[in-house]
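Peer 1: So you can see what is in the structure, the chains are spelled out below.
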Amino acid sequence: MSTLALPYLAILRARFVLMLQYRAAAFAGFVTQCWWGVIKVMVLAAFYAGHPHQPITLAQAITYTWLGQGLLGLLPWNADPEISEAVESGNIAYERLRPVDTHSLWFARAIAQKAGGTALRILPMFIAAAVVLPLIGLGEWSWRMPATADAAALFAVSITLALLLSSAFVVLLNVAVTALKTRRAANIAATLVNPLSGMIIPLALAPTWAQGFLFWQPFAGLVDIPYRIYFGNLAGAAALEGIAAQVLWVALFMLAGRWWLADVWARVDTQGS
Amino acid sequence: MAQITVENLGKIYRIAARDPGLAGAFRGLFRRRHREIVALDQVSFSLEKGELLGFIGPNGAGKSTTIKILSGILRPSSGRCEVGGLVPWEQRVQHVARIGVVFGQRTQLWWDLPVVESFELLRDIYRVDAVRFAKTLERLVDMLKIAPILDTPLRQLSLGQRMRAEIAAALLHQPQVLFLDEPTIGLDAVSKLALREFVKELNRNEGVTVLLTTHDMHDIEALAKRVIIIGHGKVLRDSSFEAMRNEVLGERRLIVDFAGDVGDVAVEGAQVRARDGRTVEFAFDRASTAVHALIARIAAAHEVEDMRVEDPKIEEVIARFYAMHGAVDA
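Chains as they are written, first to last, in my numbering: chain A, 1 to 273; chain B, 1 to 330.
Incorrect hints may appear among the rest.
As the list claims (entries may be wrong) - The calculated label-pair distances, taken between Cβ atoms and stated as ranges, are:
1. A:Leu192 <-> B:Gly207: 53 to 59 Å
2. B:His215 <-> A:Asp101: 33 to 39 Å
3. A:Val17 <-> B:Gly28: 45 to 51 Å
4. B:Asp151 <-> A:Ala119: 22 to 28 Å
5. A:Val17 <-> B:Gln176: 30 to 36 Å
6. B:Gly28 <-> A:Ala152: 39 to 45 Å
7. B:Arg27 <-> A:Gly212: 40 to 46 Å
Because the hints were derived from the structure by calculation, they are not lab data.
Computed from a predicted model, the values in this text were never measured in an experiment.
Quick reminder that beta carbons are idealized off the backbone N, C-alpha and C, glycines included.
Chain A extracted, bound-state conformation (with noise of 0.2 Å):
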């Protein structure tokens, strides 16, 4: 192991281990990601029955989101909630201690935040929606694999990019909430990621006029892009279109996120104790 990453490593593995250990919080998310999963086919099939025609088919809105819901740990909804009470409790200069940089030491912790709360997750809810549903009957209303090797092979980067993209915005966040001094300041997140990450509803399905739009801000690179990658409507030069647009904005999110600490802690004043 290099001593450069060191540290950066050896925080991502204790919090990934951490994130481990809250076998309990991923069961009753498992539970409630289930009930939102039939909940959100239910609407989207009577969506299709009266609108047959769309970017996509139904059976691969059907697994988009089916994905969305065992990926859904994934998603940047809030600041690191270490940092959040660190900044409450003042604690929070305790970073500036760490011969480290702190911009690189959060996107580690975020990372590990983030991949070690989906990896406890996305098994189960693979296992229910790929392979219990076909079982007992409902293959129509189940989770597909990808649509060809290829498409599989670049989800697998699209999906690591968006695990990147997630953690730079989630380092964005900690940032809001240190300029900001509380944690209120990341509570715009969820906001802003849900409906334009496709969370919602896929970004497909909206007007075609927004379709611009919608491909190229910050947040279908979390849900939309990989996923429409992975049942192939997004293949080819269209799917390295959308990789290229999940780099651009992780890297900056990256700049946005260095520049903005730097100047936060220019000026941070914890007077006081």
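Given chain A, work out where chain B should sit, using these hints.
Peer 2: Same frame as chain A, now just chain B:
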């Protein structure tokens, strides 16, 4: 060359302020007013390697601000300082790898992790070599007697246990300088004694430079040969502990237990400070009154059972010092 040099350090905090009442709150929506608070004003001092310096002052005097600047957390508004040749807020990463910091009211360990896992995480964060880490840990565990709590998550420790773990955590990377900001706050008497003993030993045997702030005068009395008194952001006094005590209070106390009921005990050269039955406390100025002469005069006039000479209590010394400089709690 001094290990820590601080020159004309100044720090001004800008605090948002608003006028009282609903109207004030509305005005605040459009126009923010800021109040400036001078936390440090032209603070200068230097510290040699291996020194143990105590920083005392009332709340809001600037003790913590000084430590935060020296440890690289805050930028000063003016002035400069160097620790081991590095400017803390400019060469932060390099600097913090060489110092240890403990804030008595904060924690740097992970709440949910067993103590030893926090230590291992710190080992990786500070890039401490595994062999060296094992040696340091063994020594610290032994000195601080924390072997029984290593496997316990931080949240289940008592404050005394936690503070010992915190101090061990701050020393795992063998820093040359240790900053302790109110390390004994909230501890019971036994834990305080153990902590002071440890800090003393660390300073004496390992040559670690220690800068400590405290409210507890006994900490200073037990530990620091040199004391800086700070009030309203200014250094009021920088001297040896003894010199400070002598300067502020030349007054001493003579406490006499008389053998029988005595009436008037007035004596030349001393005033009666307190009287409790047959025990009388005299106050005298050691510059103008020799203690042996005073004792002789009292013993000649009355039958005496026991007597002892005391210095005034350290709290009194400091309280008088603040009063002299108008540095009350800010």
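Peer 1: The structure should be examined with respect to each hint, and the outcome stated for every one.
Peer 2: For each hint, the structure was consulted:
1. A:Leu192 <-> B:Gly207: 53 to 59 Å: Given a distance of about 55 Å, which is inside 53 to 59 Å, the answer is holds.
2. B:His215 <-> A:Asp101: 33 to 39 Å: 35 Å Cβ-Cβ, so the 33 to 39 Å window holds.
3. A:Val17 <-> B:Gly28: 45 to 51 Å: Since the Cβ atoms of Val17 of chain A and Gly28 of chain B sit about 46 Å apart, the hinted range of 45 to 51 Å holds.
4. B:Asp151 <-> A:Ala119: 22 to 28 Å: Check passed, 26 Å falls within 22 to 28 Å.
5. A:Val17 <-> B:Gln176: 30 to 36 Å: 33 Å Cβ-Cβ, so the 30 to 36 Å window holds.
6. B:Gly28 <-> A:Ala152: 39 to 45 Å: At roughly 56 Å between Cβ atoms, Ala152 of chain A and Gly28 of chain B fall outside 39 to 45 Å, so the hint is violated.
7. B:Arg27 <-> A:Gly212: 40 to 46 Å: holds (44 Å)
In this structure, the one hint that does not hold is number 6.
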